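J.: Chains as they are written, first to last, in this note's numbering: chain A, 1 to 159; chain B, 1 to 773; chain C, 1 to 297.
Each hint should be verified, as a subset may be incorrect.
Claimed, not checked - Label pairs and their calculated CB-CB ranges:
#: 1; chain 1: B; residue 1: GLN748; chain 2: C; residue 2: PRO9; range: 28 to 34 Å
#: 2; chain 1: A; residue 1: ARG154; chain 2: C; residue 2: ASP269; range: 49 to 55 Å
#: 3; chain 1: A; residue 1: ALA115; chain 2: C; residue 2: THR79; range: 50 to 56 Å
#: 4; chain 1: A; residue 1: ASP32; chain 2: B; residue 2: ALA20; range: 18 to 24 Å
Said to hold, decoys possible - Capping the alpha-carbon separation at 20 Å, the derived lysine to any residue pairs in SDA-like fashion look like this:
#: 5; chain 1: B; residue 1: LYS114; chain 2: C; residue 2: LEU10
#: 6; chain 1: B; residue 1: LYS507; chain 2: A; residue 2: ASP93
#: 7; chain 1: B; residue 1: LYS12; chain 2: B; residue 2: LYS507
#: 8; chain 1: B; residue 1: LYS12; chain 2: A; residue 2: ALA94
#: 9; chain 1: B; residue 1: LYS12; chain 2: A; residue 2: ALA148
#: 10; chain 1: B; residue 1: LYS114; chain 2: C; residue 2: GLN57
#: 11; chain 1: C; residue 1: LYS110; chain 2: B; residue 2: GLY697
#: 12; chain 1: B; residue 1: LYS245; chain 2: B; residue 2: GLY697
#: 13; chain 1: A; residue 1: LYS147; chain 2: B; residue 2: GLY697
#: 14; chain 1: B; residue 1: LYS114; chain 2: C; residue 2: LYS110
Please keep in mind that the hints were generated in silico from the structure rather than gathered at the bench.
It should be emphasised that the depicted structure is a prediction, and the values quoted were computed from it without experimental measurement.
Ideal Cβ positions, reconstructed from N, Cα and C, are used throughout, including at glycine.
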Amino acid sequence: MNEAEFSFTLNDRPVTLNTRASAMLVDVLRNDYGLFGCRIGCDQAVCGACTVLVDGTPMAACSTFIFEIEGREVTTIEATGQTPDPVQQAFIDARGFQCGYCTGGMILLTRSLLARHPDPDDDTIRAWLGANVCRCTGYSSIIDAVKAAGRLLRQEAVR
Amino acid sequence: MSVETLADPETKIIPLDGLAKVTGSIRYAFDASLPGMLHAKLLRSPHAHARIRRIDATKALAVPGVVCVVTGEDAARLPDPHHGFYVRDQPLIAMGKVRYVGDPVAAVVARDEKIALAALSLISVDYEPLQPVPTIDDALAPGAPLLFDEPHSGPALSVGKGSWSINEPSPNVLYEYGYARGDIDAMMAKASHVSHDSFIVSRINHFHLEPYAIIARTEGERVELWTCNQDPFMIRGDLSRIFGKPVNSICLHSAPIGGGFGGKSYCKLEPLVVLMAMKAGAPVRLALTLDESILTLTKHAGVLTLTSGIDDDGRFLARRSELRMDGGAYADASVMVAVKAGYRIPGPYRWDALFSRASIIRTTAVPAGSFRGFGGTQVSYASECQIDLMARRTGLDPYELRVRNLLEVGEEFAPGDSGMDSDLRQGLDEVCHRIGYHQRKRQKGRGIGLAIGLKDGGGTGNHAQAIVTVSEKGDVTVSAGTTEIGQGAATVLCRIATRTLGLPLSKAHYASIDTDRTPLNNGTHVSCGTVVTGSAVQRAAEDVRAQLLAFAAEQLQCTPEELKLDGWAVIKGNESFSLETMIRSWFGGVGYSFIGRGGMKVPYDPASPMRARNLFWMPCWSTAEVEVDEDTGHVRVLRLVVGADAGHAIDPVSCEGQVAGAALQAYAQAMFEELRYRDDAVPDNINPRSYRVPVAGDLPAQFECFVEEHGYGPGPFGAKGIGESGMLGIAAAIANAIEDAIGARVYQMPFTPERVLAALDQLHSQKQAEPAS
Amino acid sequence: MDSIEQTTPLIGLRGRQRIPDFSVAYPQSIADAVHLREEARAVWMAGGIDLVDDLKQGRAVERVVPLSRLQDLKEIALTPDGTLRIGALVTYRELSEHPLVLDKAPDLAKLIGAVANIRIRSKATVGGSIMSRNGAYDLMPALLALGATLIFHGEDGDGASTARVAASQLTDDEQRLLQAVEIPASASQLKVDRTLRPSACAFLGFATKGSNGALLRLATSCTHPRPAVAEVTVDAASASDLAANAALWAEQLVASLPMPMSDTIASADYRRRVLIVLAKRLIASATSSSIADTDHE
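Pulled out of the complex, with its shape left as it was, chain A reads as follows (with noise of 0.2 Å):
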């Protein structure tokens, strides 16, 4: 058995795993610490419902293996807990979601996107959610969540 120790940051929180090396992140981040708004779509790295943010970098972590995630800080849909951080909020008011399979995905993408562009044009906007795959929005309200992500956080920057 090729187990080893890894210890990483998740959520803000320092853990630690003995797990076998070639175990997936998305099966740890689910079966070892029951976070499944990591979801799993495609496994195939296509449909980024498994998306979560290492080091604040967009990943699929149904193609990523737990070796790679050790000393790194990786974030989940389930960080910000029950209470919607303006960019949860913005994709409530702007519907952009349907059955929700793609939606912790797509909350974490508009996260990583509005960090690197805090007022992304159309074309960035698009070009950044083509990690995604949604079948059932047809995408224009989730480009108009994450333009609304994007006023809501700008506003509270300035304050």
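Got chain A sorted already, so can you dock chains B and C onto it with the hints?
T.: Chains B and C alone, transformed into the frame defined by chain A:
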């Protein structure tokens, strides 16, 4: 027919499950688990067509952690181990034969998925390969190999006046639906112009992000399932029949569903998982990969041949339709798709004579079944394309030709059926206005196309029941069987109840669905949730209202007519009385529930072609502007405008979202999305990397969706269903725009650059062949 | 690529649960990485995108040797003669955003910054992409068009030597560790048209040779199982007005390529035909100083 509706006092609908979705706390069937649960994996046929001589699972069973293996031998012992809508030809698991690459052959149940997979590869299956039947033409050729050696017993679906319905009319033809009225030969002879064209529609997959996931558990005589199926009661019925158990010994729990689009409708792998749980003596979970989902169900591809005659004034006289749809290896819901395709082919127009035949042809491919739009997408494409062709061939403007023939509000779609309940002209004018159709200037390589797709909605003779429960504090629980697949049913049904009761939406909760407790429902499809289940919910809420007023009247010693409900209080004269106070005072104890019941049923009517009048109509007004690169055939859709009619939009944002989501699915199918098969009936692109679905960057530069409220819906507050509308007109609008741009017609989806270039080549060689005028 | 020993093919069952229980060994140096991989069924891992996909399809691997901690492989630098040297473990995202690349090879930066999506670009590496030999990927065709050189780890014991291989000479059985890619200073322009993806993408490299004229290189993706490239030398006179003979050069270049493949996406004839169209357009625009990349993805 117009219904006066009061505006909703709540100006913004906040979806009830929004918080759960944005925080990731919502749970889908895929997330469910039970103590002691085992895991299953399926071995699937690598052959498109083969007999199974022998399955040897000895080595698999010897793997530590493997609990059992299930094959067709186990299924054969069941009372009725097949499923399918009216033609029950699909076995739980292959029995004697496999009929498509991906057909499940054996199932391993093990302690975990890894062990199950390792064991699968140790099962050896001795196949006798047979000649595949890759296409419709192959299936219909004389001497073609037969997918089934014998026909299946059972009656054909009942239809009404003018329609006919035949199971398995010939080998390799699963089903035939037909409709005829008027004197087709005479009307065709009267026509001053006749067009004859064939259109080819492609095969796509639903690609719902949540994979199929089913858990089954048996406890003595009881069978319990957790599924992502859109039709829990239908499946309960199937399980009852297959296992020979009464329906009240079977309970299905339906979690919120991570996308369905028809792919999670009708019976799928549920009976197989039950069989596995029975054999294993423990709960069993089966979760498919997305690749396996693609190998489970597709949308019908096919060839649609239309012969239509119009007169000098551009009036539609007669249409003969021969619709050959590729049903794949098993029936699934193909019978219903054929019926709907055959019936909807006339579109939103007036015709004097019709002869429509829709056949489902069996091929050794993934079974085709219900897909949002359900036959309506395919036929809207063919019909709307041919209308443009006829316009161009007779020198009429495509807008004008349509306007001359559109059904008026109230005009019957067919004799014996309900009348049109949308102002078709208004919607057409709206899309024309938005894209600037009448002001457009001719520009090389650019074109604009119009289309009006149409389907009926609400189902045939459909019915639903609902229970609305209200606590002493005015907390509302709505219990009904429409599953939440992302269409926003939970919120809309709760809004119907709370509007009826005069309470805010936030007071309501949509009860989780299980077939023991939830009132029966025919299933979440044909856009029936808002109207059919919604009407049942509204009546249940009205029942509660009446009970509340009766109760308050007794407490206040007056008649209910003297009282008015006002929030969670009643007003008598000038005084307001708290309902909570009265209820607590009378009942005491831990509280009280007012339980309201409601139901609705659309009666059958043999005088109607579908055997029941259609509940409502769903037009899809579409227009597209394209730019075509005539050297490469590349088509860029610059603008896409899509509109639908909600009757009355209970949740306008949700309605728009449904139109947009459907429109993008249709757009993708028109432009690039396809499950491609090679000549040998082997699918080429079943994994997510190769099966391309649209992402945000694929959107047309300008993509506009709008929802009209014509007010004629039969549902609560004048509502109609809208979930499927957006699928219907897009492909034709784009194909028509391409023809407008380059003068050449692409008949086959998707409109790849190669096909567009081939159409241009053909046009150029035709022009060269023609003598100069 | 190893194929798994199986009695029966597992149709549709690609997935995480098929990944074998492998060990992970981080190398201390490039030479160490080579040594660790010499054992049977050991593989190097760059970004891991293709490796993970292979593992999910049942590839048997006993040890993974991640290269991500070898700083030497992550550098981007300019050599004294103006050659741009890009380490094999540089990600697409880093490549597209690095000041040196933006300065010296802006067309390449722009191309790679538009490929796939932000998530893939944050993980995909230059080396991983090249060594995948995937005919649908866009980095290798760009490098072929630019006349790039691949720098492999040499075969001597102390790991100091390197082997230089022209990108166009990369063989299917190359076993050495790719360390870096070099783009010559003379490779001034890269024009790309990816609008016809997945049928055909064209990459035109235009390198001036002073009084000797210019070198046109046409590479493609999505048209052949492996990225293909053809080149033609243009005399100095023609080099100053490429638009005049664009069609001629395009036909010549495409004729020098192997026949494209036919598959369910497009036919060989169509691919060949549009490659000529795309190449002609790229050649005609090559002398313009503003870069008009017609990519829509």
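J.: So, for every hint listed, does it hold in this structure?
T.: Outcome of the hint check:
Distance hint check: the CB atoms of B/GLN748 and C/PRO9 are about 32 Å apart, consistent with the given range 28 to 34 Å. At about 53 Å, the CB distance of A/ARG154 to C/ASP269 agrees with the hint of 49 to 55 Å. Taking 50 to 56 Å as the suggested C-beta distance range, the pair A/ALA115 and C/THR79 does not conform, at roughly 35 Å. For A/ASP32 paired with B/ALA20, a C-beta distance near 23 Å keeps the hint of 18 to 24 Å intact.
Distance hint between B/LYS114 and C/LEU10 is fulfilled; the C-alpha atoms sit about 13 Å from each other, no more than 20 Å. Taking the CA atoms of B/LYS507 and A/ASP93, the gap is near 19 Å; set against the 20 Å cutoff, the hint holds. With a C-alpha separation of about 15 Å, the suggested pair B/LYS12 and B/LYS507 falls inside the 20 Å cut-off, and the hint holds. The suggested pairing of B/LYS12 with A/ALA94 holds, with an alpha-carbon distance near 11 Å, which does not exceed 20 Å.
Using a Cα cut-off of 20 Å, the hinted pair B/LYS12 and A/ALA148 holds, with the two alpha carbons roughly 16 Å apart. A threshold of 20 Å between alpha carbons decides the hint, and for B/LYS114 with C/GLN57 the separation of about 13 Å falls inside it, so the pair holds. Taking the CA atoms of C/LYS110 and B/GLY697, the gap is near 17 Å; set against the 20 Å cutoff, the hint holds. Simply put, B/LYS245 and B/GLY697 have alpha-carbon atoms about 51 Å apart, too far for the 20 Å limit, and the pair is violated.
Our distance criterion of 20 Å between C-alpha atoms is met by A/LYS147 and B/GLY697, whose separation comes to about 16 Å. Restraint check for B/LYS114 and C/LYS110: the C-alpha separation of about 42 Å exceeds 20 Å, so the hint is violated.
The earlier numbered hints that this structure contradicts are 3, 12, 14.
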